[in-house]
Amino acid sequence: AQTVTQSQPEMSVQEAETVTLSCTYDTSENNYYLFWYKQPPSRQMILVIRQEAYKQQNATENRFSVNFQKAAKSFSLKISDSQLGDTAMYFCALTAKGTYKYIFGTGTRLKVLA
Amino acid sequence: NAGVTQTPKFQVLKTGQSMTLQCAQDMNHNSMYWYRQDPGMGLRLIYYSASEGTTDKGEVPNGYNVSRLNKREFSLRLESAAPSQTSVYFCASRGLAGVTSSYNEQFFGPGTRLTVL
Numbered sequence: 001a002q003t004v005t006q007s008q009p010e011m012s013v014q015e016a017e018t019v020t021l022s023c024t025y026d027t028s029e030n031n032y033y034l035f036w037y038k039q040p041p042s043r044q045m046i047l048v049i050r051q052e053a054y055k056q057q058n059a060t061e062n063r064f065s066v067n068f069q070k071a072a073k074s075f076s077l078k079i080s081d082s083q084l085g086d087t088a089m090y091f092c093a094l095t096a097k098g099t100y101k102y103i104f105g106t107g108t109r110l111k112v113l114a
Numbered sequence: 115n116a117g118v119t120q121t122p123k124f125q126v127l128k129t130g131q132s133m134t135l136q137c138a139q140d141m142n143h144n145s146m147y148w149y150r151q152d153p154g155m156g157l158r159l160i161y162y163s164a165s166e167g168t169t170d171k172g173e174v175p176n177g178y179n180v181s182r183l184n185k186r187e188f189s190l191r192l193e194s195a196a197p198s199q200t201s202v203y204f205c206a207s208r209g210l211a212g213v214t215s216s217y218n219e220q221f222f223g224p225g226t227r228l229t230v231l
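Each protein sequence line maps, in turn, to chains A and B. FYI, my numbering numbers position 23 of the first sequence as 23, with every residue one higher than the one before it. Take any residue in the second sequence, note its place counting from 1, add 114, and you have its number in my numbering.
Think of the hints as simulated: they come from the structure by calculation, not from any bench. Every residue, glycine too, gets a C-beta built ideally from N, C-alpha and C. Fair warning: there could be bad hints in the mix.
Just so you have them, the derived chain B footprint on chain A, three or more residues with Cβ under 8 angstroms [to be verified]:
1) 12-20
2) 55-65
3) 78-85
Pairs of lysine-lysine residues, derived as DSS-like cross-links and limited to a Cα-Cα distance of at most 30 angstroms, are as follows [unchecked claim]:
4) B:K185 <-> B:K171
5) B:K123 <-> B:K171
6) B:K128 <-> B:K171
7) B:K123 <-> A:K101
8) A:K78 <-> A:K111
9) A:K78 <-> A:K55
10) A:K97 <-> A:K78
11) A:K78 <-> A:K101
12) A:K97 <-> B:K128
13) A:K73 <-> A:K111
14) A:K101 <-> A:K70
15) B:K128 <-> A:K70
16) A:K101 <-> A:K73
17) B:K128 <-> A:K111
18) A:K55 <-> A:K70
19) A:K111 <-> B:K123
20) A:K97 <-> B:K185
21) A:K73 <-> B:K171
22) A:K55 <-> A:K101
23) A:K97 <-> A:K55
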């Protein structure tokens, strides 16, 4: 069975600072995809960043980057230069290649303080 | 493109009433999904449809039925609503890996907040 664990229910960070959200997962698959989704108060789920397991290079999208440690089954999200608009729930998700099901973590509520 | 649309956005039901949540996507995606989101539990898969004409149970299917009406539309029905079904419901879709989305990304609708009294 696949699992995704986000051990930080809530976090806060000062505007312009850097914050890291943790995600660990478990899967017996060798080829899979990992995602971070953002859910602002509007409730809309927005893809932040994605990583293919066979790629060793960590994905980056502007201020967002990941630290993907395949052997440790860890997939953390780093937000640099935090902005008030980054305040949201963040979900880590996993899907194995060739399958249809996605497993989501329980989320981390991030608050960016002015 | 509207992406993934859901109706209604809000709904209040009494215990025992029935209703259908509608979902449509205009991205020509093959796979469609229904999730429920509850506080502290993340998103849990109710049902999914890998392609037109097929549906499969997810993690929490009890009390729900689905219909993949055509490639665009995937509806979720509550036959006899219960207070335990109070939740936010999300529809999502995904294209074919390597064709429309090589990273298997899901696209989400705006959600439906359902309250069952």
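Hint check results:
Under a criterion of three residues with beta carbons nearer than 8 angstroms to beta carbons of chain B, the stated coverage of the segment 12-20 of chain A fails, only 0 such residues being counted. By the rule of at least three residues with a Cβ nearer than 8 angstroms to a Cβ of chain B, the coverage given for the segment 55-65 of chain A is violated, with 0 such residues. Only when three residues or more bring their CB closer than 8 angstroms to a CB of chain B does the claim for the segment 78-85 of chain A stand; here the count is 0, and the claim is violated. Proposed proximity of B:K185 and B:K171 is supported: the alpha carbons are some 18 angstroms apart, at most 30 angstroms.
Pair hint B:K123 plus B:K171 holds up; C-alpha atoms about 24 angstroms apart against a cutoff of 30 angstroms. Restraint check for B:K128 and B:K171: the C-alpha separation of about 25 angstroms stays at or below 30 angstroms, so the hint holds. Only pairs whose Cα atoms come within 30 angstroms are accepted, and B:K123 paired with A:K101 is accepted, the gap being roughly 25 angstroms. Using a Cα cut-off of 30 angstroms, the hinted pair A:K78 and A:K111 holds, with the two alpha carbons roughly 14 angstroms apart.
At roughly 18 angstroms between alpha-carbon atoms, A:K78 and A:K55 fall within 30 angstroms of each other, so this suggested pair holds. For the proposed pair A:K97 and A:K78, the alpha carbon gap of about 25 angstroms is at most 30 angstroms, so the pair holds. At most 30 angstroms may separate the alpha-carbon atoms for a hinted pair to count; A:K78 and A:K101 meet this at roughly 26 angstroms. At most 30 angstroms may separate the alpha-carbon atoms for a hinted pair to count; A:K97 and B:K128 exceed this at roughly 41 angstroms.
Of the supplied pair hints, the one linking A:K73 and A:K111 holds, its CA atoms being roughly 26 angstroms apart against a limit of 30 angstroms. For the given pair, A:K101 sits about 20 angstroms from A:K70 by alpha-carbon distance, which is consistent with the 30 angstroms threshold. At roughly 48 angstroms between alpha-carbon atoms, B:K128 and A:K70 are farther apart than 30 angstroms, so this suggested pair is violated. Taking the CA atoms of A:K101 and A:K73, the gap is near 19 angstroms; set against the 30 angstroms cutoff, the hint holds.
Our distance criterion of 30 angstroms between C-alpha atoms is broken by B:K128 and A:K111, whose separation comes to about 35 angstroms. Simply put, A:K55 and A:K70 have alpha-carbon atoms about 10 angstroms apart, close enough for the 30 angstroms limit, and the pair holds. Our distance criterion of 30 angstroms between C-alpha atoms is met by A:K111 and B:K123, whose separation comes to about 26 angstroms. For the suggested pair A:K97 and B:K185, the alpha carbons sit about 22 angstroms apart, so the restraint of at most 30 angstroms is met.
Pair hint A:K73 plus B:K171 holds up; C-alpha atoms about 27 angstroms apart against a cutoff of 30 angstroms. With a C-alpha separation of about 21 angstroms, the suggested pair A:K55 and A:K101 falls inside the 30 angstroms cut-off, and the hint holds. Of the supplied pair hints, the one linking A:K97 and A:K55 holds, its CA atoms being roughly 13 angstroms apart against a limit of 30 angstroms.
In this structure, the earlier hints numbered 1, 2, 3, 12, 15, 17 are contradicted, and the remaining ones agree with it.
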